[in-house]
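All chains, please: the whole structure from these sequences, using the hints.
Which chain is which? The protein sequence lines are R and P, in order.
First residue of the first sequence? That's 1 in the numbering used here, and the numbers climb one at a time after it.
First residue of the second sequence? That's 1 in the numbering used here, and the numbers climb one at a time after it.
No lab work stands behind these hints: they were computed from the structure.
This one's a predicted model, so the numbers in the text were calculated from it and none came from an experiment.
Where is the CB? At the ideal position from N, CA and C, for every residue including glycine.
Any given hint might turn out to be false.
[Claimed, not checked] Think about it this way: if two alpha-carbon atoms lie no more than 30 Å apart in a straight line, the pair counts; the simulated DSS-like pairs of lysine-lysine are: (1) LYS81/P - LYS127/R; (2) LYS129/R - LYS199/P; (3) LYS79/P - LYS127/R; (4) LYS81/P - LYS242/P; (5) LYS81/P - LYS208/P.
[What the hints assert, rightly or not] A few chain P residues that face chain R, going by a derived Cβ cut-off under 7 Å, partial list only: (6) ALA49; (7) SER52; (8) ALA76; (9) LEU77; (10) GLN78; (11) PHE86; (12) SER90; (13) ALA104; (14) ASP106; (15) PHE231; (16) PHE233.
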Amino acid sequence: MSYDLEPLFLTFRLATVTTLILFVLGIPLAYWLSFSKSRWRIVIEPLVSLPLVLPPTVLGFYILLAFSPKYAFGHFLESNGIHIVFSFWGLVIGSVLFSLPFMVNPIKSGMQNFPVTLIEAAYVLGKSKMEILLKVILPNVRPALLTGIVMAFAHTIGEFGVVLMVGGNIPGETRVASVAIFSEVEALNYETAHVYSLILVVISFLVLFLFYFFNRKSVRLF
Amino acid sequence: MIRMNVRKTMTTQDGERDLNVDVTIERGEVLALFGPSGAGKTTLLRLLAGLSRPDEGSIVVDGETWFDSRRRINLALQKRKVGFVFQDYSLFPNMTVRENLLFALDDRSRTGEADEWLSVLDLTQLADQKPHQLSGGQKQRAALARALVRRPEIVLLDEPLSALDIDLRLKLQDELIAVCRKQNITAILVSHDVSEVFKISRRVLVMKEGKIIRSGAPENVFVENNVSGKFKFTGEIVAIKKDGVVNILTVRIGNTMTQVVATDEEIVRLKIGSRVIVAAKAFNPMILEYNDDR
Numbered sequence: 001m002s003y004d005l006e007p008l009f010l011t012f013r014l015a016t017v018t019t020l021i022l023f024v025l026g027i028p029l030a031y032w033l034s035f036s037k038s039r040w041r042i043v044i045e046p047l048v049s050l051p052l053v054l055p056p057t058v059l060g061f062y063i064l065l066a067f068s069p070k071y072a073f074g075h076f077l078e079s080n081g082i083h084i085v086f087s088f089w090g091l092v093i094g095s096v097l098f099s100l101p102f103m104v105n106p107i108k109s110g111m112q113n114f115p116v117t118l119i120e121a122a123y124v125l126g127k128s129k130m131e132i133l134l135k136v137i138l139p140n141v142r143p144a145l146l147t148g149i150v151m152a153f154a155h156t157i158g159e160f161g162v163v164l165m166v167g168g169n170i171p172g173e174t175r176v177a178s179v180a181i182f183s184e185v186e187a188l189n190y191e192t193a194h195v196y197s198l199i200l201v202v203i204s205f206l207v208l209f210l211f212y213f214f215n216r217k218s219v220r221l222f
Numbered sequence: 001m002i003r004m005n006v007r008k009t010m011t012t013q014d015g016e017r018d019l020n021v022d023v024t025i026e027r028g029e030v031l032a033l034f035g036p037s038g039a040g041k042t043t044l045l046r047l048l049a050g051l052s053r054p055d056e057g058s059i060v061v062d063g064e065t066w067f068d069s070r071r072r073i074n075l076a077l078q079k080r081k082v083g084f085v086f087q088d089y090s091l092f093p094n095m096t097v098r099e100n101l102l103f104a105l106d107d108r109s110r111t112g113e114a115d116e117w118l119s120v121l122d123l124t125q126l127a128d129q130k131p132h133q134l135s136g137g138q139k140q141r142a143a144l145a146r147a148l149v150r151r152p153e154i155v156l157l158d159e160p161l162s163a164l165d166i167d168l169r170l171k172l173q174d175e176l177i178a179v180c181r182k183q184n185i186t187a188i189l190v191s192h193d194v195s196e197v198f199k200i201s202r203r204v205l206v207m208k209e210g211k212i213i214r215s216g217a218p219e220n221v222f223v224e225n226n227v228s229g230k231f232k233f234t235g236e237i238v239a240i241k242k243d244g245v246v247n248i249l250t251v252r253i254g255n256t257m258t259q260v261v262a263t264d265e266e267i268v269r270l271k272i273g274s275r276v277i278v279a280a281k282a283f284n285p286m287i288l289e290y291n292d293d294r
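The structure is reproduced here in structure tokens:
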């Protein structure tokens, strides 16, 4: 008996792309939140953590509105041939926003706990901020980086609300595993739903197991 | 020559307090800063290194203005040719000893100098070790090597030897003096240890509550009623024992122990741990050659 594994591949493709984008975005953002003396920090910090408390549907709803061709911005994108809503890249935008705190917060706390004197020592040695970030801070907060990557990846696999709102249920484009399970259950195809669910459980368990296994000593997830 | 005249509000355990200093330091001088914690010793070093910014005043080093509040000059700390040895050593934990030194070099063609410093400070064997594998004294030497490999004109040392045992401390004091003299480096050292101040520096600034309250040669600063003894050592009392009508004090001078006799009157204010000067007037000591390899 064969099953359509497309939703699973799509889920992992989405999680991988999202994690990569978040990694590149998360490091400068975490750095800024850790070391900036800007007044804006007290506004940006809660914004980053907002997805932790909001229902995913709220985020999905606003993304839909923002990118809808009915309104100026979405219309502008649409007229340039860029389709966000109900497309893979729409899912990516939704996931990036939704998993942002899972990447940023561990890296931020890693950086905030990093000894200030080491950064000062590097300054006295004539190093620029960039050099200090790349050669001193990042190598020493590796466990925090790994936590961020694992959390963002795992959280994107488990996403449902935002994905459904922004992407809908288009096979091969936006129909990720969590959405596929929902629609298979609705269609009373319990067997297919079982297969998808079990695979997700096993893979998610393995990701977390390996993470804990390799970080037995140094980190905790929360 | 360093000319420093600055004011800075510091936050100490006892609330806010002004640091107010006006000091001139000659090139090649080894200067000690002495005083209780919260006096502003570390702050003074940080202001000079550029890690903190004075509220007002100026810092001029060899004719170059590093800071001037009126002319709005504040030389970036990366551009100040300063070596800083932190109290906790601050070696980068992700790098080996050698990598710590190489990281300090701006010019990669000078890696030979890093190896030279490693051998000068007896670290060659440990070059590939990570900081967490080193003992306190080894970390201290690595931190010193890392500061010196940049060829600084000024080296600032924030209680670098306080965590070490006495033998190691004496050895490193010797090394430090030798290095600074040889390279004509100006050194400013924060120390809580009177005998260290005596040994290392020719001039000491005693700080209290943000101000320099005394300065001068250690023997003038620390010895209040200036004895004109022919022999004079500073040490610390480790034991006081009553023996008949006199008391026997055991005094640690450097890493040797000696016993001296004192009357009841003399020891009234003394207790174990007191810092004392042992002086003897006109007498004729024996001089014997001392051989270290015995």
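Here is what the structure says about each hint:
1. LYS81/P - LYS127/R: Holds: LYS81/P and LYS127/R sit about 12 Å apart, inside 30 Å.
2. LYS129/R - LYS199/P: violated (39 Å)
3. LYS79/P - LYS127/R: Since the Cα atoms of LYS79/P and LYS127/R sit roughly 10 Å apart, the hinted pair holds (cutoff 30 Å).
4. LYS81/P - LYS242/P: Violated. LYS81/P to LYS242/P sits at ~55 Å, over the 30 Å cutoff.
5. LYS81/P - LYS208/P: It holds: about 28 Å lies between the C-alpha atoms, which stays within 30 Å.
6. ALA49: For ALA49/P, the interface hint holds, since the closest Cβ of chain R sits about 6 Å away, which is under 7 Å.
7. SER52: violated (10 Å)
8. ALA76: This interface hint is violated because 9 Å lies over the 7 Å limit.
9. LEU77: holds (5 Å)
10. GLN78: Status holds, d = 4 Å.
11. PHE86: holds (5 Å)
12. SER90: holds (4 Å)
13. ALA104: With Cβ-Cβ at 5 Å, under 7 Å, it holds.
14. ASP106: This hint holds: ASP106/P lies near chain R, its Cβ roughly 6 Å from the closest one there, short of 7 Å.
15. PHE231: violated (42 Å)
16. PHE233: violated (36 Å)
Checked against the numbered hints given earlier, the structure breaks hints 2, 4, 7, 8, 15 and 16 and satisfies all the rest.
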